[in-house]
Amino acid sequence: MMGMLGDGFVVTLQIFGLTLLGAIPLGLVIAFLRMNKWGFHVGKKKRKIRPISLITQFYISVMRGTPLMLQLFVVYFAPFYIFGQSLSDGWRFAATVVAFILNYAAYFAEIYRSGMQSIPRGQHEAADVLGYTKAQSFGSIILPQVIKRIVPPMTNEIVTLVKDTSLAFAIGCVEMFTVARSIVASSRLMWAFLAAAILYYVFNLVVTLVMNFVERKLAYYHD
Amino acid sequence: MPVVSLEHIHKSFGDNEVLRDISLSVDKGEVVGIIGASGGGKSTLLRCATLLETFEKGKLTYDDVVVAQNNEAGDAVYGSKAVLKQAKQKFGLVFQNFNLFPNFTVLKNITHAPIHVQKRDEGEVMEQAAELIGKMGLTGKENMVPCELSGGQQQRVAIARALCMNPQILFFDEPTSALDPLLTQEVLKVIRELAEEHMTMVIVTHEMAFARDVADRIVFMAGGTIVEEGPAEQVINNPQNDITKAFLNKVNQD
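Protein chains in written order, with the numbering used here: chain V, 1 to 223; chain H, 1001 to 1254.
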């Protein structure tokens, strides 16, 4: 039993790792698009319309406003209904990762944005007066402060991700929960669920410990 | 040639005209104190001079670098990025609330920009920083981060950070407004020493006695205009304009 659960756990771990790998940078791109100021004035009141920001806001609101499980199905079936492609078994895993990245990047983007907007204007001004370029001041001064501020909300989101991986079950991606469920169904005993629960819990315990360590590392200053 | 010269500056926030035809130039080695009630345009003037705000009309030059000047239609046009970059090398600014980088140590706050922006030799910058740290009375604090320092110490780090860029002129925007009287004295002492070394400075302040002692020239601003300006002693002790008199009377009552 543990061998099968272990194989499932590896898939869970892969979904988790690849989602973070994709969503952490994609979230940054989305956050920048969301904060993009490019636009034009319309109407009598000269309201400014920012197309790039608006489209990004719509994307974020859809990703956060609809169930992840539904998004999983949409991504999974898209090649079939849109392009008429047959769906391979390997696609289940890939579709899971794609859907998770698209969803989590939206959440991460909003965390990044709140972090960036919480940095006092004086920090930007001090950097500007000292002659830093925008890129320099972002890389050396703003981003390190943003990272410190977003660790707690990111921990929250990452802990949720660990548990959300079990949603991949819905499109038949064989991760730990899918395995546990099939063991329970065939053995007519609940032990596999207990074992899976313990594994999820320990996984999250490790995640929390790592994030707490990062938080302590960054606690050498406060503002 | 003046170090900085502002000519006929107009600046508005929406319908609110904050600077109305302000002209001010500062010569090398001169210390100018700007006084006046809040909302009179002092800080905005400083922010325009340090390129944190843009003005709509007028001319701004540092040395031989023309930062902005009016076009034929009478609207201020700013120079290219390269010009602005060149101008930023000429001045330093000390903020009211310090704005040190909280994630950098004292030493890194002072040396990071000279090394990474000015691309100067690291050894040379470190040497200059050590000297400034001694001068500012911050010896032993090199590896501390700003949150471990008092407000007065933080402001002295901020002054060292600005000086390490070797600016030709240093602007102070109410440098002691966030400090208690004791810490205020620490910071004023440092600025006095700079004045004795003939550092060119423009200081916006509410410390009248300090302004009189340290400044060569006092500029009194109200309602977005320069109401009175002249030698420090004269403006503070014997003001001519009624608005200046009223302001100084009020201040002295407290």
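Bear in mind the hints are in silico, worked out from the structure with no lab data behind them. Mixed in with the good hints there might be a few duds.
Restricting the straight-line Cα-Cα distance to at most 25 Å, the calculated cross-link-like pairs of lysine-lysine (DSS-like) are [claimed, not checked]:
| no. | chain 1 | residue 1 | chain 2 | residue 2 |
| --- | --- | --- | --- | --- |
| 1 | V | Lys37 | H | Lys1085 |
| 2 | V | Lys134 | H | Lys1189 |
| 3 | H | Lys1250 | H | Lys1135 |
| 4 | H | Lys1028 | H | Lys1108 |
| 5 | H | Lys1189 | H | Lys1090 |
| 6 | V | Lys217 | H | Lys1108 |
| 7 | H | Lys1059 | H | Lys1108 |
| 8 | H | Lys1028 | V | Lys134 |
| 9 | V | Lys134 | H | Lys1135 |
| 10 | H | Lys1108 | H | Lys1135 |
Here are some chain V residues the structure puts well away from chain H; computed CB gaps all over 12 Å [as the list claims (entries may be wrong)]:
| no. | residue |
| --- | --- |
| 11 | Leu13 |
| 12 | Leu20 |
| 13 | Asn36 |
| 14 | Ile111 |
| 15 | Pro120 |
| 16 | Ile141 |
| 17 | Gln145 |
| 18 | Gly172 |
| 19 | Leu218 |
| 20 | Tyr220 |
Incomplete in silico selection of chain V near chain H, CB under 7 Å [stated by the list, open to error]:
| no. | residue |
| --- | --- |
| 21 | Asp7 |
| 22 | Glu125 |
| 23 | Gly131 |
| 24 | His222 |
By construction, the Cβ of each residue, glycine as well, lies at the ideal position given by its N, Cα and C atoms.
Status of each hint after checking the structure:
1. Annotation: proposed proximity of lysine 37 (chain V) to lysine 1085 (chain H) holds, straight-line Cα distance about 23 Å (limit 25 Å).
2. The straight-line distance between the Cα atoms of lysine 134 (chain V) and lysine 1189 (chain H) is roughly 35 Å, outside the 25 Å bound, and the hint therefore fails.
3. In summary, the hint linking lysine 1250 (chain H) to lysine 1135 (chain H) is not supported, as the alpha carbons are separated by about 36 Å, beyond the 25 Å threshold.
4. The straight-line distance between the Cα atoms of lysine 1028 (chain H) and lysine 1108 (chain H) is roughly 29 Å, outside the 25 Å bound, and the hint therefore fails.
5. A distance of roughly 24 Å separates the Cα atoms of lysine 1189 (chain H) and lysine 1090 (chain H); the hinted pair therefore holds under the 25 Å criterion.
6. This hinted pair checks out: lysine 217 (chain V) and lysine 1108 (chain H) have alpha carbons roughly 18 Å apart, not beyond 25 Å.
7. About 35 Å separates the Cα atoms of lysine 1059 (chain H) and lysine 1108 (chain H), which puts this hinted pair outside 25 Å; it is violated.
8. Distance restraint check for lysine 1028 (chain H) and lysine 134 (chain V): the Cα-Cα separation of roughly 31 Å exceeds the 25 Å cut-off, and the hinted pair is therefore not satisfied.
9. The hinted pair formed by lysine 134 (chain V) and lysine 1135 (chain H) fails the criterion: a straight-line CA distance of about 31 Å is larger than 25 Å.
10. With a C-alpha separation of about 17 Å, the suggested pairing of lysine 1108 (chain H) with lysine 1135 (chain H) holds against the 25 Å cut-off.
11. Annotated as non-interface, leucine 13 (chain V) keeps its C-beta farther than 12 Å from every C-beta of chain H; the closest such distance is 32 Å.
12. Here leucine 20 (chain V) stays apart from chain H, with its beta-carbon at least about 24 Å from theirs, past the 12 Å limit.
13. Under the 12 Å C-beta cut-off, the non-interface status given to asparagine 36 (chain V) relative to chain H holds; the minimum distance is some 20 Å.
14. Its beta-carbon lying about 19 Å from the closest one in chain H, isoleucine 111 (chain V) satisfies the requirement of being farther than 12 Å from that chain.
15. Not every CB of chain H lies more than 12 Å from the CB of proline 120 (chain V), the least distance being 8 Å, so the non-interface label is violated.
16. Distance check on isoleucine 141 (chain V): its Cβ comes as close as 5 Å (rounded) to a Cβ of chain H, failing to clear the 12 Å threshold; non-interface status is violated.
17. Taking the minimum C-beta to C-beta distance to chain H, about 6 Å, the non-interface status of glutamine 145 (chain V) is violated against the 12 Å cut.
18. At the 12 Å boundary, the C-beta of glycine 172 (chain V) stays outside the reach of chain H, the nearest C-beta of that chain being 47 Å off.
19. The claim that leucine 218 (chain V) is not at the interface with chain H is violated, since a C-beta of that chain comes within 12 Å of its own (minimum 8 Å).
20. The beta carbon of tyrosine 220 (chain V) is not kept farther than 12 Å from every beta carbon of chain H, the shortest such distance being approximately 6 Å.
21. Annotation: interface hint on aspartate 7 (chain V) violated; nearest CB of chain H at approximately 43 Å, more than 7 Å.
22. Proximity of glutamate 125 (chain V) to chain H holds as hinted, the smallest CB-CB distance being about 5 Å (cut-off 7 Å).
23. Taken as an interface hint, glycine 131 (chain V) checks out: its beta carbon lies about 4 Å from the nearest beta carbon of chain H, inside 7 Å.
24. Of the supplied interface hints, the one on histidine 222 (chain V) holds, with its beta-carbon coming within about 5 Å of a beta-carbon of chain H, less than 7 Å.
Hints 2, 3, 4, 7, 8, 9, 15, 16, 17, 19, 20 and 21 from the list above are not met by this structure, while the remaining hints are.
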